[in-house]
Amino acid sequence: MDMLASFLPAGVAHHAPVLIVVVPLIAAAVAAFMPRGVMAWSVALATSVIVAILAFGLLGQVGAHGVVSYDVGGWAPPHGIEIRLDRLNVPILLLLGVLGVLSLIYALPSVADEIAKKQQALFYSAFLVCFSGLIGVTIAGDAFNVFVFLEISSIATYTIIAMGVGKDRRALTASYNYLVLGTIGATFFVIGVGFLYMATGTLNMADMAAVLEQNGHNRVTQAAFAFIVVGLGLKAAMFPLHVWLPNAYAFAPNFVTAFLASTATKVAFYALVRFVFSIFHPDVAFVSMSFTWLFAVVGVIAMMVASVQAVFQTDARRLLAYSSVAQVGYMMLGLGMGTAAGLSAGLLHLMNHALMKGALFMALGAFALNFGVRRVKDLAGLGKTMPASAMAFTVAGLSLVGVPLTVGFTSKWYLVTAALERGWWWAVAALMISSLLALAYVARLLAAIWMENPPSHHGEVAQRRLAPWMVLVPMLILAAANVYFFFHADPLVGLAQAAADAVMGGR
Amino acid sequence: MIEAFYDVSPAWPVIIGGLIAAAIPHHLVRKGLALLAPILAGLLWFNVPSGGHVGGVFELGGFVLETFRFDGLSRIWGLIFIIAAFINGLYGFHEKDRVADAAGLIYAGAGLGAVFSGDLLSLFFFWELTAISSVFLIWGSKTQAAFKAGLRYLAIHVLSGVMLLAGAVIHASETGSWAFDNSLSVDTLGGLLIFLAFGIKCAFPFMHNWLQDAYPKATVTGAVVLSAFTTKLAVYALARGYAGTDILIWIGAIMTAFPVFFAVVENDLRKVLSYSLNNQLGFMVVGVGVGTELAINGAAAHAFVHIIYKALLFMSMGAVLHRVGTVKASELGGLFKSMPVTAVFCIIGGAAISAFPLFSGFVAKAMTLAAVAHEHHYLVWLILLFASAGVLEHSGIKIPYFAFFSHDRGHRVREAPANMLMAMGVAALLCLYLGWPDMFGIPGGYRALYNLTPYPEVANAYPMWTFDHVVGQMQLLMAALFAFAFLVRMKWYPDEKRSVNLDFDWVYRRAFDGLARWGFAMFGRLWSSIGNLLDGVRTRLGGRLFQTFSPMGALSRDIPSGLLAIWTSALLAIVLLIAYLAP
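Here the protein sequences come in this chain order: A and F.
Numbering-wise (my numbering), the first sequence opens with residue 1 and increments by one.
Numbering-wise (my numbering), the second sequence opens with residue 1001 and increments by one.
Hints listed in this document are in silico derivations from the structure and should not be mistaken for laboratory results.
Please note: incorrect hints may appear among the correct ones.
What the hints assert, rightly or not - Within a straight-line C-alpha distance of at most 27 Å, the following computed DSS-like cross-link-like pairs (lysine-lysine) qualify:
| # | chain 1 | residue 1 | chain 2 | residue 2 |
| --- | --- | --- | --- | --- |
| 1 | A | Lys-167 | A | Lys-117 |
| 2 | F | Lys-1148 | A | Lys-377 |
| 3 | A | Lys-384 | F | Lys-1096 |
| 4 | F | Lys-1328 | F | Lys-1142 |
| 5 | F | Lys-1148 | A | Lys-384 |
| 6 | F | Lys-1328 | A | Lys-384 |
| 7 | F | Lys-1142 | A | Lys-377 |
Note that this is a predicted model, so its numbers are computed, not measured.
So here's chain F without its partners, still in its complex pose:
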């Protein structure tokens, strides 16, 4: 416990590491920084007394900025961001891209900075920094599609930042306080603007498209890095400012349910993961919306474990993309022979996200569900249950199945690089450790997670490993598995020679009784007609504006000076009129 460092937010070593990395041409040095910076940040994190602490306060232009607020809520988020940054550094060890290294570190540091911000202005600064630094991870793919997706991503996130700033200004002018705490409310204009700014980053329904648009187009490591920070930062911000806001329960419930359909019919496996990311966020948002101590614990614990297993899944798909060059379900299959270790890690990630008992997802999700049931939101509870089954279908089974088993496409590639395997190994170990129950009187790994939550005493008092929980969850999972297996069996035999993948797609769609297909088509139609409408407005309006304002346009043409003299007289008349009318 060195007091001198109490004022140094863990964000700084990571951001500064990123800035240095931007200037260093030698890639091993950069990689060293990418691993060292999170370790330094971790030391700073451990250095602070866990009771709560506000440090790094300084004044800039008359505003007091708090850069290091360490309390129950920011503690757990800070730690998981640090862990994620470390795993990302390990995973990207083989890449020789200076921009990506620097951007990844600055992005992670900005995420940390935002989590530890105690006031809205510092939050805004780091909020925008995450947007600007992360876009380079998308652009890193160097394809035209990625470039355009990156621009769209940047536009919407900068918009989010602007709304945050506008909301903060209004909020501060009304309350006189820049503090970032639960004094925010959706009933005031400022609070609502900030809420929507958070909502954009959190991928609320109808604000979510940037996520599925950008993440799958990012680089192999880029997608892993991106999956960790942006959206979870938004969940943190909501938990900090809007815990217990009822509307969040319904927003979250919709978020859990609707991506299921899209994820099931999607062919690009990284896109499937993006949809499932959205679904997982829904659970956390519901937890924040319920807002009881148990629910906040659930959201925080869920975010913690989610970052790890989602990164694990993205890493395994990244390894596949790295070796095979595609993650299209229709072009993969049978990879378990060539990449057995990756396959095992992927299955662990799938089991964790599906909340199998003994894996980390189980201990976190159960708390959220219990909190929802405890507050008597039964319909929401049912939606969450349905979504849990959906998660198993598209993330727990579909991802490993199509990538590593299913019909062998004859890809014979090498196992993923050692550093990727190490990163995945660390993540997989954490997935197992954090889900480990008490056994033979030895406290299980999940206790460590519960002790980290904002309200550890509530978490530890929660009876996690009861017979009901385990059996109930197993029933749900088994029923879902059975449904899957049954449908596969039914369609497998008649049609063996045709492309198995397409059959599965078809089966999937039948399984959801055409609902997914219908929803997909309707949504697509709606989307395209909205797009057409907007396009029409834009070309027409753009044309008008161009005709009016361009150098040839009416308002910017060179006008004869005689006409200008008339303008001058007209203005004179106006001023005289004002003077005449004045009381």
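This is chain A alone, in the form it adopts within the complex:
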């Protein structure tokens, strides 16, 4: 930690909180003017590397000081804009940085295959806007800027999802649907923030929490709570507000799916945790009641229904998208327990899920890149034709089920422990059943990949074809991480527990 805190030059270190969001924004403009896709890609990759380095630096600073507060432009809050980093959002920032680098390495061959040459530079530019928006949501210290960055990231997301149109025209309707729903969600959120501003007279989140603690709650803050929960819940794909997600993930370019699946809903989930735990108080009656009767219930329903939906899907990416909805259900369940153990289990699952889904969607992208396959039955024989990618897919798939020796087991373990601590037997049962359902849908994919023969055309069997190394390397890194962090669970578990402790604050 000490090493991490001090490796940045002092000037950079001091301004790191603002650089991490400004650099991608500026880079987005630079990338837009690049004449060729590869050059825009280089800009984007360099940006993501910088972001990752800054994120590690900030992790070190937060480790050393607990909270890092930065006043943008030297204007102190409550009038100025504050950037605030603590143990809750720094892991999310790290996740964004690392997965940003990995998925951008992956992007070059994948995007070259899926996006028209003329649009590639603009595509990377839009991606960088989305990237910076997600970072902004994560680090913003005041509620209104959370909204602003949420909109920045969302609008860019609609664009890059729609760019899947080159392979499938349905990307347009998927993006449009997401746009309508995302806008509703953002509107709900900003209405909620407005109510909070009325009730507290401040937009700074730390101030809001202080004022609310002092003045107590009334109908206005309750309405604010409802609007914010629904608005952010929609962004986080909380059941039943997830309906935008399966199509968006299924028809977006593969690189976009891999990146969004491992980051976007996670950031929204973080914002939800920030509001529900830090600003509202888990001890407040209506908040704690909503834990039990909303988050836990909705989480369990998602774990069941979305898993069953996944079992019956025919499109491989849609299948995994429904599985993502189910996994969000796990996190919601962890949140709904309302204890430090539950929240840390949910956050741990958030990080682990990013590792699994990143690898899984990357592998599906590799399959699509080499053979153009998208449906489950078309995966037949890929174990023989693309063994390395198929191995990565298998490891991550087993992790998704929660097989021991993978991180999926670790986070489910912590969830079960937390549920037992709370005395929620039904939640343990739901976890078990949902894991069995996950086994069912993952087994469908794995059976097609390993047990069936490669297709043949006029008696000529499909040949082995290696994915490009830029696709393989990040995918294998993520798959290996799924196993590595089982044996070395401490770093991730430590981050999750520190985050939960910071936000529960010994309450």
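Put chain F on the given structure of chain A with help from the hints.
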């Protein structure tokens, strides 16, 4: 006694040998590993002081795992698993199948690992490893039927593992201990789940179908390997956790009795052996259920000798299958001319399983029976006696008779390969040695077995070779033999020209007064109607689910965004309602 190795469970050389074998293309090297790994494991076993020892303790993610608990109970099971692994390696020496070699070793190693596990988490790990590695031995047959049976086998064993884990979690949360010892009880939810998990692996009645389903479909060597580990591991687990649980006495009694009927009417001789395996397990389960020191000794000794003679029988049938290509009773006969040595070994195995005096089954079974009688479970004792007679009928006589004698079908094949004969020879020698009485002041081979049992002093104090025992057992066996011979004679003469085998089948059924036939038919009917019911539910429910959840289904169709907006408002209303209702 090298202390450096006190922490190394004998499971590791075998598992690692299996992993290496999976990577080695040269089959002689693999075979070397298959023989060397059990020998290494055996050295590790002998290296540990026999007084008791807990080693290989390490911590993983906050849990303390004990991988090498060596005490009276795990000692005997560990040794027999090592011996079985060695015999299996010898028996499969001629096979050139990389997957089967690796799977066989990993499976044996996992069995050893489970036996030496001191806590429920390590037990779970090895428990699942046995299931996953052993399924490849079934799939090795490469037939569609074997593949499907393997999938069913895998499903039920993974279920067993999941129940074990769930039970362990509940148990640990209630007691705060992950230790795998006799603190388990069927009266708590966690204990009951673990009990059922063990029960599945132990093939309790109504949970037994996987056994007769899968084992006969395995490869020649696969069936031999499978017969040794899975179910005996379950008996060990029961003895460790549930010794003295009364319900086990009745479960075991039913297990000894009901397979007799099925075994007698079955045509596939390897399936007959599978049923008789179930019957033998019943004896051990009864012993565990009685739970006295003598009874546990009986169960342990029985498991020890049983693994050897059951493997011997499976090996002899495997040799027949290898040479002739079938083990259907109706297609075999007269093989003793072409495979005399195999026939002798098979008869030794049959004599051992029927508990003839001087063979190993006798000294083990007698202890269980004595313990049952000593605790005054007379009805159970009678059932066991009946089952003993049944064992003689279907395993002791039917197997050798139909395969090697009976009507000559004209198969003229070569004797089994040398390595198979060697493996069978080792097993047959052990069958004889372990049943050998004290003679001329020289302690007999059975003393070696008794000294291995968990409570050697109790075992050695037990008067085994009394006049009563020997004569009583001989009376039972002779009566059963006479009944068999009598019926054969009666039906032999009138009907010589017709297929003798079918006549025997008919005789058999008459001998049991139609009971077997009736039971078989009833069971079949019940089974098929349950199957129909389940099928109906599945297709109807599956159809419903598909209609609801598939991409065309109501819940997964693309819904217009207007409707989604209403959903959003509905959820908002719910949250507001919760906030409104909150105190």
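Structure-based check of each hint:
For the given pair, Lys-167 of chain A sits about 14 Å from Lys-117 of chain A by alpha-carbon distance, which is consistent with the 27 Å threshold. Under the criterion of a C-alpha separation no larger than 27 Å, the hint pairing Lys-1148 of chain F with Lys-377 of chain A is consistent with the structure, at around 20 Å. For a cut-off of 27 Å, the pair hint linking Lys-384 of chain A to Lys-1096 of chain F stands: about 22 Å separates their Cα positions. Of the supplied pair hints, the one linking Lys-1328 of chain F and Lys-1142 of chain F holds, its CA atoms being roughly 19 Å apart against a limit of 27 Å.
A threshold of 27 Å between alpha carbons decides the hint, and for Lys-1148 of chain F with Lys-384 of chain A the separation of about 22 Å falls inside it, so the pair holds. This hinted pair does not check out: Lys-1328 of chain F and Lys-384 of chain A have alpha carbons roughly 38 Å apart, beyond 27 Å. For the proposed pair Lys-1142 of chain F and Lys-377 of chain A, the alpha carbon gap of about 23 Å is at most 27 Å, so the pair holds.
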